[in-house]
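Number of protein chains: 2
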Amino acid sequence: MESAIPLHLETQRTRHKRVPDDYQPPYPSFVARYKPAVNRVVMAYLGVQYRGVAPAATDALIEIAELFAAENGPSHWDRAHYVDQFGHENVVSVGYWDDVARFDAWFAPAREAWTGSQRDDIGTFIEVLRPIVARHETLFSSPDRPEGVAAIAADMSGEVQEHAYWGGMRDRIPLSQTDAMTPGGAPELIRAGARLRVVAHDNLCLIRSGQDWSDTETSERKLYLDDVEPVLRQGMDFLRDDGLGIGCYAHRYMRMLAADGSVSEKSYGQSWWKSLAALERWAESHPTHLKIFGAAMKYLSTLGPSAKLRLYHEVTVAAADEQFFEYLNCHPKTGMLAAV
Amino acid sequence: MESAIPLHLETQRTRHKRVPDDYQPPYPSFVARYKPAVNRVVMAYLGVQYRGVAPAATDALIEIAELFAAENGPSHWDRAHYVDQFGHENVVSVGYWDDVARFDAWFAPAREAWTGSQRDDIGTFIEVLRPIVARHETLFSSPDRPEGVAAIAADMSGEVQEHAYWGGMRDRIPLSQTDAMTPGGAPELIRAGARLRVVAHDNLCLIRSGQDWSDTETSERKLYLDDVEPVLRQGMDFLRDDGLGIGCYAHRYMRMLAADGSVSEKSYGQSWWKSLAALERWAESHPTHLKIFGAAMKYLSTLGPSAKLRLYHEVTVAAADEQFFEYLNCHPKTGMLAAV
Numbered sequence: 005m006e007s008a009i010p011l012h013l014e015t016q017r018t019r020h021k022r023v024p025d026d027y028q029p030p031y032p033s034f035v036a037r038y039k040p041a042v043n044r045v046v047m048a049y050l051g052v053q054y055r056g057v058a059p060a061a062t063d064a065l066i067e068i069a070e071l072f073a074a075e076n077g078p079s080h081w082d083r084a085h086y087v088d089q090f091g092h093e094n095v096v097s098v099g100y101w102d103d104v105a106r107f108d109a110w111f112a113p114a115r116e117a118w119t120g121s122q123r124d125d126i127g128t129f130i131e132v133l134r135p136i137v138a139r140h141e142t143l144f145s146s147p148d149r150p151e152g153v154a155a156i157a158a159d160m161s162g163e164v165q166e167h168a169y170w171g172g173m174r175d176r177i178p179l180s181q182t183d184a185m186t187p188g189g190a191p192e193l194i195r196a197g198a199r200l201r202v203v204a205h206d207n208l209c210l211i212r213s214g215q216d217w218s219d220t221e222t223s224e225r226k227l228y229l230d231d232v233e234p235v236l237r238q239g240m241d242f243l244r245d246d247g248l249g250i251g252c253y254a255h256r257y258m259r260m261l262a263a264d265g266s267v268s269e270k271s272y273g274q275s276w277w278k279s280l281a282a283l284e285r286w287a288e289s290h291p292t293h294l295k296i297f298g299a300a301m302k303y304l305s306t307l308g309p310s311a312k313l314r315l316y317h318e319v320t321v322a323a324a325d326e327q328f329f330e331y332l333n334c335h336p337k338t339g340m341l342a343a344v
Numbered sequence: 005m006e007s008a009i010p011l012h013l014e015t016q017r018t019r020h021k022r023v024p025d026d027y028q029p030p031y032p033s034f035v036a037r038y039k040p041a042v043n044r045v046v047m048a049y050l051g052v053q054y055r056g057v058a059p060a061a062t063d064a065l066i067e068i069a070e071l072f073a074a075e076n077g078p079s080h081w082d083r084a085h086y087v088d089q090f091g092h093e094n095v096v097s098v099g100y101w102d103d104v105a106r107f108d109a110w111f112a113p114a115r116e117a118w119t120g121s122q123r124d125d126i127g128t129f130i131e132v133l134r135p136i137v138a139r140h141e142t143l144f145s146s147p148d149r150p151e152g153v154a155a156i157a158a159d160m161s162g163e164v165q166e167h168a169y170w171g172g173m174r175d176r177i178p179l180s181q182t183d184a185m186t187p188g189g190a191p192e193l194i195r196a197g198a199r200l201r202v203v204a205h206d207n208l209c210l211i212r213s214g215q216d217w218s219d220t221e222t223s224e225r226k227l228y229l230d231d232v233e234p235v236l237r238q239g240m241d242f243l244r245d246d247g248l249g250i251g252c253y254a255h256r257y258m259r260m261l262a263a264d265g266s267v268s269e270k271s272y273g274q275s276w277w278k279s280l281a282a283l284e285r286w287a288e289s290h291p292t293h294l295k296i297f298g299a300a301m302k303y304l305s306t307l308g309p310s311a312k313l314r315l316y317h318e319v320t321v322a323a324a325d326e327q328f329f330e331y332l333n334c335h336p337k338t339g340m341l342a343a344v
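Residue numbers (our numbering), protein chains in the order written: chain A, 5 to 344; chain B, 5 to 344.
Think of the hints as simulated: they come from the structure by calculation, not from any bench. Please note: incorrect hints may appear among the correct ones.
Since the list can't tell identical chains apart, any single copy or any two copies may satisfy a pair.
Unchecked claim - The list that follows gives simulated cross-link-like pairs (lysine to any residue, SDA-like), each with its CA atoms no further than 25 Å apart:
id, residue 1, residue 2
1, LYS295, GLU233
2, LYS302, ALA287
3, LYS295, ARG244
4, LYS302, ASP246
5, LYS39, ARG149
6, LYS302, ALA58
7, LYS295, ASP241
8, LYS295, ASP108
9, LYS226, SER213
10, LYS295, GLN28
11, LYS295, ARG225
12, LYS312, LEU229
13, LYS302, LEU248
Same shape as in the complex, but just chain A (with noise of 0.2 Å):
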């Protein structure tokens, strides 16, 4: 059993993780391993919105892998479609890097290609977090998949002590050993003609929270499928309608697509939050996510890791100048957007 936090990362406590140091988990879980040589990941959302048919968007898409592939391009990079709250098409392309100075060196050019100027019938955007790896952390069901960031990473963990308990998120973040990590200011939004930028405050928080079930059979994926996505996606509705009452400021519920731009069994919700504290009161008391992390409790606990069906996540606390948001042509829910 080890710390998700490293060794590296280790401080003086000045705050209290939530749990005795004799606790042990029901089941295993896993976290992401970077060299301690990064100080900093960066993971950068692009997208592309547009309704029913629209060719610039597949020229988009292509425009974006090519980017990515380019000089200085992320290390690893996948993609993901949903339909919004007002029937816009959204394929979002997140790439993942975990050196700063190549990020920049490709960021500029890349920026001005992709929301430097408008295109006919589609919007884009860029969402852009670049934390210290003390602001950040990573959870996997199994350790031999990686997904998101994470596949940036050196390496996975063995068993980690901080999860299965409300709280394991932010004991799992370094820098929650002293700090509570409090939101700061409101989000405001810059105009530089069409392109609206949105400047949002420290501690803003990212959740990808993923799953995976192209690997369950028959009954686990029947349990899957009827019993634990719909309420999944109860609780998915509920963000993204409702939730900017609660600290939520954007959210999408997504299907990655495979290399060839086909549906993948795998999913994840991605949201932007007012602080790491408004996505624990919601993780623990709203009735749908209760209901998953008990449906997730006793099946992992009963399946262990030999359950087939993967779970995962990944969650930022960024500093204010550690975020960038950008959006050409785009509806104004979109992303953080719908914050200002």
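Starting from the known structure of chain A, fit chain B onto it as the hints suggest.
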């Protein structure tokens, strides 16, 4: 909005509470307020155990009532009944004091009377905690009907902040400002002839958690009896039958008795735990309790103080020298005997 921790027990924190200062609970709850001069409360559980028809049990119950009515007796007492896992009937009469000197004067002769000599066909037991008030908290969904220890308090608070989130129980205990309340040692059995005493350990935890459906009508009554109570019972059965493995030494799910001995429309669960942390982990992760919590959150967020179902609890984390357990002629799974 006030803190559950009374002003005169606020201290310089070395441990943070789990929610930010601007946290707003989704529905109101209230706590008992003792006079600041009260530095300890005493709760004495006096039990009678028997099988089938036992005339001696009836006599014993009259005797307790007389003991409680004697000089220096409790300011408040109540009585409840349950049938345990071995089919034994148990009647537990609980007295509450806010003056330790009075309790001490009362207790020596009462103890002799109660567990000093064996009676035909019945077992008797005494379980006492006498915590400083900093080791103790209460919570009520309505401020106008105190139960248990709250019946000896001077007053109820206004709406308090520290509730409706996991960790609220700990945050309401004043000692949590500076102390993790880690358990120390293992319970030991001490034999003095037929009298069996259990000496437990530092930071043993007691919870009494009750529900009162006497005022509910039609649909609310049906909701409680058909949907809530069966799930509650499942959780209670789990603690009784399988609690030991997760740190629950003993559990009783009891129906309260009216003054005339008839069953009332009130019940409570009472259990002894290795630690507050063990109680927290069960409450937060056991599917039955998650379901109860989710239902209560939804229910109370909707109905608020107009709900007719009343919920309350009291929790104590007792120092080693604040405890007393004695059993005479009881079966070996009675109360804290189950822990040794």
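Now for the hints, and whether the structure bears them out:
In this assembly of identical chains, the alpha carbons of LYS295 and GLU233 lie at most 25 Å apart whether taken from the same copy (11 Å) or from different copies (18 Å). For the identical chains of this complex, LYS302 and ALA287 are neighbours both inside a copy (17 Å) and across copies (14 Å), given an alpha-carbon limit of 25 Å. Taking the shortest Cα distances, LYS295 and ARG244 sit within 25 Å of each other both inside one copy (18 Å) and across copies (24 Å). Taking the shortest Cα distances, LYS302 and ASP246 sit within 25 Å of each other only across copies (16 Å), while inside one copy they are farther apart (28 Å).
In this homomeric assembly, LYS39 and ARG149 come within 25 Å of each other (Cα to Cα) only inside a single copy, at 18 Å, whereas the closest approach across copies is 59 Å. In this assembly of identical chains, the alpha carbons of LYS302 and ALA58 never lie at most 25 Å apart, being 44 Å within a copy and 43 Å across copies at closest. In this assembly of identical chains, LYS295 and ASP241 lie within 25 Å of each other by CA distance both inside one copy and across copies; the values are 15 Å within and 21 Å between. Taking the shortest alpha-carbon separations for LYS295 and ASP108, neither the intra-copy value of 42 Å nor the inter-copy value of 48 Å comes in at or below 25 Å.
For the homomeric pair LYS226 and SER213, the shortest alpha-carbon distance inside one copy (21 Å) is at most 25 Å, but the shortest distance between copies (38 Å) is not. For the identical chains of this complex, LYS295 and GLN28 are neighbours both inside a copy (22 Å) and across copies (23 Å), given an alpha-carbon limit of 25 Å. For the identical chains of this complex, LYS295 and ARG225 are neighbours both inside a copy (18 Å) and across copies (24 Å), given an alpha-carbon limit of 25 Å. With identical chains, the CA atoms of LYS312 and LEU229 are at most 25 Å apart within one copy only, with a shortest distance of 13 Å there and 38 Å across copies.
Only between protomers do LYS302 and LEU248 lie at most 25 Å apart by alpha-carbon distance; the minimum there is 19 Å, versus 31 Å within a single protomer.
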